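Sequences listed follow chains A and B, in order. If you count by my numbering, then the first sequence holds residues 18 to 351, one letter each, in order. If you count by my numbering, then the second sequence holds residues 18 to 351, one letter each, in order.
Just to be clear, a hint being listed does not mean it is correct.
Claimed, not checked - Covered, in the sense of this in silico footprint (three residues per stretch, anywhere, with C-beta under 8 Å from a C-beta of chain B), are these stretches of chain A:
#1 213-221
#2 240-252
#3 264-271
#4 280-291
#5 297-311
#6 316-329
It should be emphasised that the hints constitute simulated quantities derived from the structure, not laboratory data. Bear in mind that the values here come from a model prediction, so they are computed numbers and not experimental data. From the three backbone atoms N, C-alpha and C, an ideal C-beta is built for every residue, glycine too.
2 protein chains.
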Amino acid sequence: MPRFAAIGLDHRHIYDLTAGLRAAGSVCVGHDPETSDPHVLAGFRKRFPDVPPIGREQLLDDPSIDFIVLAAVPRERADIAIQAMRRGKDVMVDKPGAITSDQLSAVEAAVRETGRIWSVALGRLTSPAVQAALAVARSGELGRLVSLTSLAPHRLNRALRPAWFFDRAAYGGIITDIGVHSIDQFLAFAGVDDATIAAATIGCFGTQPAGFEDFAEVTLRGGGMTGTMRLDWFTPDGLPDWGDGRLFLVGTEGTLELRKNLDIEGRAGGDHLFVANRERTRYQDCSGLSVEYYRDFVADVRDRAGRTMENGRVFAACRLTLRCQVSAERFVAD
Amino acid sequence: MPRFAAIGLDHRHIYDLTAGLRAAGSVCVGHDPETSDPHVLAGFRKRFPDVPPIGREQLLDDPSIDFIVLAAVPRERADIAIQAMRRGKDVMVDKPGAITSDQLSAVEAAVRETGRIWSVALGRLTSPAVQAALAVARSGELGRLVSLTSLAPHRLNRALRPAWFFDRAAYGGIITDIGVHSIDQFLAFAGVDDATIAAATIGCFGTQPAGFEDFAEVTLRGGGMTGTMRLDWFTPDGLPDWGDGRLFLVGTEGTLELRKNLDIEGRAGGDHLFVANRERTRYQDCSGLSVEYYRDFVADVRDRAGRTMENGRVFAACRLTLRCQVSAERFVAD
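Construct all of the structure, not just a fragment, from the sequences and the given hints.
Structure representation (structure tokens):
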């Protein structure tokens, strides 16, 4: 069984990643207790009491450890990933895996030089509903795709956030941080590895501290289709989930909607898929579908087949995301 | 009781306008049988067998007729409206009321000179769900508005369309034709009479004839908020309505969604409103709400109070729409 360590216990996403990897048949042999957020560390220990604390250097030096899972402060993720790869370890990293193009290039060079795996746990990979929507789109049921609209609201949860969450130099900006999911998703539906940025806007609507990027909208074109993605930190407290994420596809023969997180005032649970095609409408509950990502990653660690590297698509998605972040027009509401 | 005539029986919208005006307490005393589409004329006669055919000139000369309702070929609407106003009649016109800025200026001048009413039957005015959403937004429940996203798909219904429907010189282009609803709606939510065009794109995704504008997306900014509106002619045949129209509002304290036409694979009927606020989520069925527009128009005809002119907002919405149509970037999918 592949053995791994959890490093960078700065963001709660480490919980899901660790749980997913354990369920996929790998063993978490230790966690680095260094953290910027003691709540995250405490939560990790509560969920995984059998995983002992071990210093980072000792974990990275341990030749019996095959890979690390990483959710450090975003600014530090690329560097830790590169150190791990240079010491013979594969890496699964929470998004964003890199917050500057220099960092991303350095990661890419390290992957080339070491032959190690660097996989970003993007929403497309961990969402059964998105996987089901991709299957519908690829089946031809919707005809040729025309347009994608993605709504990706997030809850701010101010009380739970460490200081770096509000420091753009540390987290990389709203498109870098949460837009990478939507941009990667667009590339997957368009079936391309790059796209033209038709429009990119970052908005500051008054969330404190001043200048905090609480809104963004990106329009991309590629693969003969267009896609507009909205990101924001305005999920209201009364919504019983962290964000009412949606995906709308328009094709020449059909349309599709995903209600990823919840069906507001409707069905229980998440992962709801709705299709209208030439003949009828239909509903599919995707919540029972299996998520292949963690199993694919563990299999990649074993046989190096590259399932989760997808011939560089992850790098392409991250690179385009960073271009959107840097080139976005700024909108500051008065 | 105010008396009116139906002129320009070229588009089926004449049915709803006539029915709405009759229900609001005015009398349809005749219809002009001239048409580009005999099916529309036949449908009118079937629905309103008591309304006699009378020549257009005779209707316009009849001093007992207070106003006309107009759904001619879009290219001709401004001119007919101006003729009617110059002959002492108010006008309710199907959208688009004008397809060039010269036409719009001429209408505006005629309104100024004659003191007549020129009202475009925009979707905001005839939709109880949009009226309810405006009431929620104005109540402050959503906090300060940040963003509006509107999805406005339409069914092509090729077999039912007359030739002018596919001739841009006759109908004015996709933004002029169907975008005016969304743009007017944005101005109403933003509480402004004009907006900045951040992006406008018209797409041709292969709907015949070549070059037919089957897709558009417009991003506007005004009143401290941003809005993105998608229009298209891709409603699939299997959807049990002409288009799954949606409206999403994001505010600093809450969010709102409208499912205007239908709740796909869900509740019966249309006009469904969903809110998430600081405390909870809630659903409101808006289908039983009354539509004030026709009553307001008939009252305006009587007392000239200007309810449906809204201090020129209709002109502002039409003017901004025509600017979007003319300035839009073109995207032709290969």
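Honestly, which of those hints from before does the structure not fit?
-> Structure breaks hint 6 only.
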